[in-house]
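Top to bottom, those sequences are chains U and C.
Residue numbering for the first sequence follows my numbering, starting at 48 and increasing by one per position.
Residue numbering for the second sequence follows my numbering, starting at 48 and increasing by one per position.
Which residues of chain U face chain C? A few of them, derived with a C-beta cut under 10 angstroms, are: (1) GLY109; (2) ALA120; (3) ILE121; (4) SER145; (5) ALA147; (6) GLY149; (7) VAL173; (8) ASP290; (9) GLU296; (10) GLY305; (11) GLY417; (12) CYS422.
If you only want the chain U side, here are some residues facing chain C, beta carbon under 8 angstroms, derived: (13) ALA100; (14) HIS116; (15) TYR124; (16) ARG127; (17) ALA137; (18) SER176; (19) LEU177; (20) THR178; (21) GLY287; (22) THR289; (23) GLU308.
Now the stretches of chain C that chain U is said to cover, found in silico as 3 or more residues with beta-carbon under 8 angstroms: (24) 137-147; (25) 168-178.
Hint data in this document are derived by calculation from the structure and do not stem from the laboratory.
What you are looking at is a predicted structure, and each value in this text was computed from that prediction instead of being measured.
The beta-carbon is built from N, C-alpha and C at its ideal position, and this holds for glycine as well.
Number of protein chains: 2
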Amino acid sequence: MERVAVIGASMTQFGQREGEWILDLLAEAGLECLDDAGVEASEVEHLYVSNMASGEFEGQTGIMNAVAHDLDAIPAYTQRVDQTSSSGGAGIYAAWQSVASGVSDMTLLIGGEKMTHRTTGEATDVIASLTHPAEYKTGVTLPSFAGLTARHYLERFDAPRESLAKVAVKNHANGVDNPNAQFRKEIDVETALESPIVADPLRLYDFCPITDGSAALMLCPESVAREYTDEYAVITGIDGATDTHVVHEREDPTVMRGVVESGEGAYEMSGRSPEDIDVAELHDMFTILEFLQMEGLGFAEQGEAWKLVEDGYTEKDGELPINTSGGLKSKGHPLGASGVAQGVEIYEQLVGEAGPRQVEADVGLACNVGGFGNCVITTIMETPQ
Amino acid sequence: MERVAVIGASMTQFGQREGEWILDLLAEAGLECLDDAGVEASEVEHLYVSNMASGEFEGQTGIMNAVAHDLDAIPAYTQRVDQTSSSGGAGIYAAWQSVASGVSDMTLLIGGEKMTHRTTGEATDVIASLTHPAEYKTGVTLPSFAGLTARHYLERFDAPRESLAKVAVKNHANGVDNPNAQFRKEIDVETALESPIVADPLRLYDFCPITDGSAALMLCPESVAREYTDEYAVITGIDGATDTHVVHEREDPTVMRGVVESGEGAYEMSGRSPEDIDVAELHDMFTILEFLQMEGLGFAEQGEAWKLVEDGYTEKDGELPINTSGGLKSKGHPLGASGVAQGVEIYEQLVGEAGPRQVEADVGLACNVGGFGNCVITTIMETPQ
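Full structure from sequences and hints, please.
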């Protein structure tokens, strides 16, 4: 089977996009991606839109058909991909399948979410509705799961509270170099540790913000990619997996089975191992998640990710740069866009378009987490040699 | 590439399912389909859930992960497929792609929607939000598009008003033999013609009802299918296409481009032509749509479908039985379930499990329409010889 290539990418300004709505955001990323790939809208055969909740947030559904119309991509086949917070990663998987199965020679994936016109409470309520009804009805939200897990991790593995703050400090530092990040400001450990408590022991700076934004990727068979450009990346491994939907049923709260299983699947498909990864985008919706993904993906032993963070191993000039984009923490987390934007960062690192964020990388990995690890998609992308 | 087979199917009672919610409905269809296919939940590798609006209707999201949990299918990969009213057909396409691309050897597709706890006005409002904002804001809903199109069709092609009523009469007659249909009662032409006006010239019996329900299909590579059963069907053609999202921009209101393009794609992939089709399920959300699909799919010349209906050509004992299941008209239309249920009917006809609805068929076609033809998926299924 022919390999699936990525030949273009785009990411819009993440943040508070006042007066712009989901269809504006999707069209903006879509047009930029067409332009970046050098592809005409009429060449697009399949168009996937990653989005969790445009109906709930904005009362607008059918957005995949609307954006096909706005981009002049009709009669392209369209579909909306929802996998909650990992809708973007699921979109990469859907787009990959459309090319790999042979039914599309040019697939445009656009992820987006418009959230900031709703209050943080309203947005959190929509997001919380993805949890199991049994847990949802008790008032548990994702931030509270994060707080409970962080407390357990810190105590069990004797990790200092500062190590979580250092994830935030690192990702904020990286975000300064991302022109599209929601927050482009460095913070220090003290600021993070003194910020208001959200879900003890986690504080404001342990959480990603509520964000509007969009991002896009263009996928096609490798033979088609070569007709367009020499600068492309190849998706060599991709897999997704679920974990118990009732979070408290998990055997070990520090092991995200969806991360482990999707990672193993992606490594197996690509023939790669954790040691081969040069750069990674992890789903740092909460700082603690960066530790759990580092361990689940084999970058660190269980209970030891915090040590690597303390040692600077995951900084931009470290052994394995993680979240060079700024991560969800500083870049922002427009649900359906986030997984796509992870792919955009890995693509730009591989083709050398990451500007001041550039690191040396031939193999990159993105891990997109839905819910509290309820579903996870891991993607491995490489330079084409 | 190996062919994709269907080895199991299920459909729950369609209608008003009081006190049961979307997760109950999805689990019921999923369990029945596992049982029908003789597959263990642990064997399921990908699980797709076709659903338009569980968040809007019920405040419940993340339903694909919840049902994976309820079926004990974790760590199967999950994704929710939304293509508005054609979410079910899009689910068949997504499930097909998962198998055809080689990443899943056992894919369970469950479609479902829970709607009747909302008023007809509320449900219609959610559905209307799929239209283009420019049209939506004028108060246009799908039933009004249907009324305008029906008036145009009847006048332009000199078709008698009775011909539309005869679609309803035929599909109600077929639905009597479907134990899971919402309405199992015959009606006559007079009843249809004297029912209350909804969108002139269309009356109550030209419209499908608001419905709760679910349906499921099990897909796998043909070589895997043979390990489970000798009684399976093969998806030989499938394609989807969009039409203008602004309905009034279409050149000819009687030509649904999405139907034509997806039909051509499915015929080309399967090597079949309209003459080869033995049985078809068409998306009769409104009676007029059955005419437009018959013409768009090449079963009749433009403006002549009504003559075939008048001649009994599409009745159960006619040349080309259409909607042997009772169609959306009598079976009901739980949005995300409908396209899957069309596939269930074609599968049951092909493997000889349609009971009193059974016709002779080796090649079947299903056409699932989203919005007012904004996106359409056509699937051709065959016995495996």
